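Listed below are the residues making up each chain.
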Amino acid sequence: MSIFTRFKRKSVDNDASQVDIFNKETEGLSQGQIVLRRFLRHRGAIISLGVLSTILVFVFSALDFKIGFLKYHGWWKYNYTEQPDLRTQGCPQYLSGCPTLSINPFSKSFGLGDHPFGQDDIGRDYFALVMRGAQRSILVMFIIGIVGGVIGTVIGAISGFYRGKVDAILMRFTDFIITIPSIIIGSVIGFHFGNLGATFLAFYLGLFAWTGLSRLVRGEFLSLREREFVDAARVAGASDRRIIFKHILPNAVGVIIVSVTLIMSGAILLETGLSYLGFGVVSPDVSLGLLISQYQDSFTTRPWLFWYPGIFIIIIALCVNFIGDGLRDAFDPRQRRRISRKERAQAKAVSLAKQGEN
Amino acid sequence: MLAYIGRRISILIVILFGSSFILYNLAAISGDPLEGLRGSTDPKVKVEINALIHQLQLNVPPPARYFIWLKHLLTGNLGLTRSGNPVSTELSQAIPITIRLIFMATLIAVILGIGLGIVSALRQYSRFDYAMTFVSFLLYSLPIFWVAVLLKQYLAISFNNFLGTATIAPAWIAGLSIVSGFFWAAVISGDRKRVFTIFGISGAATAIVLTLLSLTKWFSHPGLGPIMIAAMGIGIAYAVTFLSTGLANKAARNASLAVVALGVVLYFPTQYLFNKYPGALTVFLLACLTVGLAVGCGYYFAKEDRRPVIRTSVITSLVMGIIILIDKLMKTWVPYVNTDAVNNRPIPTIGESNSLLAPGHFWFTFLDILLHVFLPTIALTLISFATYVRYSRGTLLEVMNQDYIRTARAKGLTERTVIMRHAFRNTLIPLTTIVVVDFAGIIGGAIITERVFGWRGMGTLFNNAITNFDLTLLMGVFFVTSSLAVLANLAADLLYSYLDPRIRVVSK
Numbered sequence: 000m001s002i003f004t005r006f007k008r009k010s011v012d013n014d015a016s017q018v019d020i021f022n023k024e025t026e027g028l029s030q031g032q033i034v035l036r037r038f039l040r041h042r043g044a045i046i047s048l049g050v051l052s053t054i055l056v057f058v059f060s061a062l063d064f065k066i067g068f069l070k071y072h073g074w075w076k077y078n079y080t081e082q083p084d085l086r087t088q089g090c091p092q093y094l095s096g097c098p099t100l101s102i103n104p105f106s107k108s109f110g111l112g113d114h115p116f117g118q119d120d121i122g123r124d125y126f127a128l129v130m131r132g133a134q135r136s137i138l139v140m141f142i143i144g145i146v147g148g149v150i151g152t153v154i155g156a157i158s159g160f161y162r163g164k165v166d167a168i169l170m171r172f173t174d175f176i177i178t179i180p181s182i183i184i185g186s187v188i189g190f191h192f193g194n195l196g197a198t199f200l201a202f203y204l205g206l207f208a209w210t211g212l213s214r215l216v217r218g219e220f221l222s223l224r225e226r227e228f229v230d231a232a233r234v235a236g237a238s239d240r241r242i243i244f245k246h247i248l249p250n251a252v253g254v255i256i257v258s259v260t261l262i263m264s265g266a267i268l269l270e271t272g273l274s275y276l277g278f279g280v281v282s283p284d285v286s287l288g289l290l291i292s293q294y295q296d297s298f299t300t301r302p303w304l305f306w307y308p309g310i311f312i313i314i315i316a317l318c319v320n321f322i323g324d325g326l327r328d329a330f331d332p333r334q335r336r337r338i339s340r341k342e343r344a345q346a347k348a349v350s351l352a353k354q355g356e357n
Numbered sequence: 000m001l002a003y004i005g006r007r008i009s010i011l012i013v014i015l016f017g018s019s020f021i022l023y024n025l026a027a028i029s030g031d032p033l034e035g036l037r038g039s040t041d042p043k044v045k046v047e048i049n050a051l052i053h054q055l056q057l058n059v060p061p062p063a064r065y066f067i068w069l070k071h072l073l074t075g076n077l078g079l080t081r082s083g084n085p086v087s088t089e090l091s092q093a094i095p096i097t098i099r100l101i102f103m104a105t106l107i108a109v110i111l112g113i114g115l116g117i118v119s120a121l122r123q124y125s126r127f128d129y130a131m132t133f134v135s136f137l138l139y140s141l142p143i144f145w146v147a148v149l150l151k152q153y154l155a156i157s158f159n160n161f162l163g164t165a166t167i168a169p170a171w172i173a174g175l176s177i178v179s180g181f182f183w184a185a186v187i188s189g190d191r192k193r194v195f196t197i198f199g200i201s202g203a204a205t206a207i208v209l210t211l212l213s214l215t216k217w218f219s220h221p222g223l224g225p226i227m228i229a230a231m232g233i234g235i236a237y238a239v240t241f242l243s244t245g246l247a248n249k250a251a252r253n254a255s256l257a258v259v260a261l262g263v264v265l266y267f268p269t270q271y272l273f274n275k276y277p278g279a280l281t282v283f284l285l286a287c288l289t290v291g292l293a294v295g296c297g298y299y300f301a302k303e304d305r306r307p308v309i310r311t312s313v314i315t316s317l318v319m320g321i322i323i324l325i326d327k328l329m330k331t332w333v334p335y336v337n338t339d340a341v342n343n344r345p346i347p348t349i350g351e352s353n354s355l356l357a358p359g360h361f362w363f364t365f366l367d368i369l370l371h372v373f374l375p376t377i378a379l380t381l382i383s384f385a386t387y388v389r390y391s392r393g394t395l396l397e398v399m400n401q402d403y404i405r406t407a408r409a410k411g412l413t414e415r416t417v418i419m420r421h422a423f424r425n426t427l428i429p430l431t432t433i434v435v436v437d438f439a440g441i442i443g444g445a446i447i448t449e450r451v452f453g454w455r456g457m458g459t460l461f462n463n464a465i466t467n468f469d470l471t472l473l474m475g476v477f478f479v480t481s482s483l484a485v486l487a488n489l490a491a492d493l494l495y496s497y498l499d500p501r502i503r504v505v506s507k
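Protein chains in written order, with numbering that gives the first Met the number 0: chain A, 0 to 357; chain C, 0 to 507.
Rather than coming from a laboratory, the hints here were simulated on the basis of the structure. Given the structure is predicted, the values throughout are model-derived calculations rather than measurements. Among the hints, erroneous ones may be present.
Simulated crosslink set (DSSO-like; lysine-lysine; CA at most 30 angstroms straight-line) [unchecked claim]: (1) C:K275 <-> C:K192; (2) C:K410 <-> A:K347; (3) A:K23 <-> A:K353; (4) A:K341 <-> A:K353; (5) C:K192 <-> A:K341; (6) C:K327 <-> A:K347; (7) C:K302 <-> C:K249; (8) C:K302 <-> C:K216; (9) C:K327 <-> C:K216.
Take the sequences, apply the hints, and build the full model.
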């Protein structure tokens, strides 16, 4: 009758047929295979993974870039520094540089057009700017994730494995850094290192992004190092390094991967937030947060300058969050998925058949 | 216990010392306050540089300079900003503003987040659950400065324009009714027939209410009046009784209904008091009186097992009191909107109060503060409530798998009792600690919000500190936020051990 009424199917949640189904599914599979299967079943995560990889390819192939003497020519005709003439034709009155993107398949102008996302006030192609901004933001996200992940894993592993004084010192140090809010530490760093470029900024930010991860890894190591397989390895004469890397770390990899994705989803919002405040990526380089902060006042007159970078931030962060969620579910041994009616009916039929045989 | 707290506090002091040392040195070495002067060609620049070096003690290396700052701090002196004001006065002006900004947001986010999270857990794997998961992830991924600009445009400016006519377009009515139908159908749910009935009823109810509001131009002349208050009160009495003790408990139902009746009877004397003695003290005393009356009602109606009855009537009375207060504010609305300072555009997009508004009128000031809090609160709520939805959903699902829930069911308790008394309360234990820690953490997060909405709180101070290279101000801000964060952690731990007897504080 009420909000508390539960669905009928839930009352059989814990019955034997469900356990049967789960056991049958994981029979004869390695841990890695089980995790992979669970991840592939998380629809949101798979879709996000697809979207994120598409965006990655799309964004990074759009513009020219150079690695050493290798030059790459992007498929987009403008660069983010070029200033083509401001387009006024076809725009509403008193407006210039309006977007030419048209998603109505029946209109004459269907397609990308000359400036799909419009132009900014000095005529730079906004599509190129957004692509460049997204590149920077994604780059920052990955660097922070990698730097933070590596430092966090190492510190957590050492302090969980060796315990005692080493642990006490490292964890106090972690406490020191965890107490400083990330936006404060980010601003202090960003204000002074922002002009060194996005890569440096991300690297320095990554140096302070590992605290939560290191605590989790330490916890994992503390419990794993007491397990029988570690004792066995030690009795067999394995060195500390071998035990850490070959025996314990592979068992802690779930925790690490999940929290690295969380670091990354936090990182993209941190970077855009810092750039918005003016403490992150600074012009002439471009970042999505910087674009929003530069053009927020023109929202009423030229809303496209505001919408596109924001949409890119949201899509990227959303995908990373969903992938993180999928990974967490996949690595969580307690995670139970929903059993469909068909599967339950099948399991029931099997168990009835067994009873009949007896 | 005391030994434990003492030990924890001494650790906290060490942590604060360490983190402030790190931040101080980091801030000191990462920039040069003389940079602006070095490039100058002014002949007096040498003197200025020397003066600045003397003022900021730049000839002392940063680690040593930190101890000078620390020595001042220990004597209770937070130092001077570069413009010469004491840091402590700047902070004491900024802190109340920031607290005002985040308090309401946290409160609303917690209530909404826990409520929706629990419904979503009870409806695990339903469409509602999937929709909530998606929405909370979406909100997680929103940059607050982006949301804020959208809110300014679509909520504030459009709403102010809308107040000019105060009529709702039919398309909007239809859309909102369908949304409300979907929402309630998903929340209550059941078999197909019931879902359609609920959809129809809630959609139609929304449509009727919105049409009436539109036709009477209620939005430009809002108000409730005693009849509406009575009707709402009865609904609230039933809802609170239902959630708190179940409708089978006659005493609780009667007590809450009596509280509502008292509220309606006392409506007119209350209005008199509001007008005769406006002020926070009146509101506070009336709130105390309300609770007192509610306790009395509960005591009178329940002959045995009084606690749940009194709890029910007190909750009802508080909601009732808030409605009466809202009614009073709605009555203040029309004169407030017509003042020159407001000029018919009541929802502000910027600032923490209207400086043009003549001071001294308690109700005007009260409404003014509330309206200025409105947009930032919504923005912060949207961002932080996703966490609570996810967290309360996860915790409730975990709790529902515990043995004591099976025991409770096996005893034959109703599903309501099992969920509200056994599951919900245990869900709240880990949530309390999250809320406490978050409240402290959000102060740091409010930096961006303050910038977007032009508030002059801690965030602005922090901004100034960074851009002017003002180390004492930066350390002042940090000192306040980090002490709060660290103390909140301690409070959360103590609260946890108090709420959950399974976790004992061991003092070694």
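Here is how each hint holds up against the structure:
{"no.": "1", "hint": "C:K275 <-> C:K192", "verdict": "violated (54 angstroms)"}
{"no.": "2", "hint": "C:K410 <-> A:K347", "verdict": "holds (29 angstroms)"}
{"no.": "3", "hint": "A:K23 <-> A:K353", "verdict": "holds (15 angstroms)"}
{"no.": "4", "hint": "A:K341 <-> A:K353", "verdict": "holds (19 angstroms)"}
{"no.": "5", "hint": "C:K192 <-> A:K341", "verdict": "holds (24 angstroms)"}
{"no.": "6", "hint": "C:K327 <-> A:K347", "verdict": "violated (63 angstroms)"}
{"no.": "7", "hint": "C:K302 <-> C:K249", "verdict": "holds (11 angstroms)"}
{"no.": "8", "hint": "C:K302 <-> C:K216", "verdict": "violated (47 angstroms)"}
{"no.": "9", "hint": "C:K327 <-> C:K216", "verdict": "holds (18 angstroms)"}
Hint compliance for this structure: hints 1, 6 and 8 are not met, and every other hint is.
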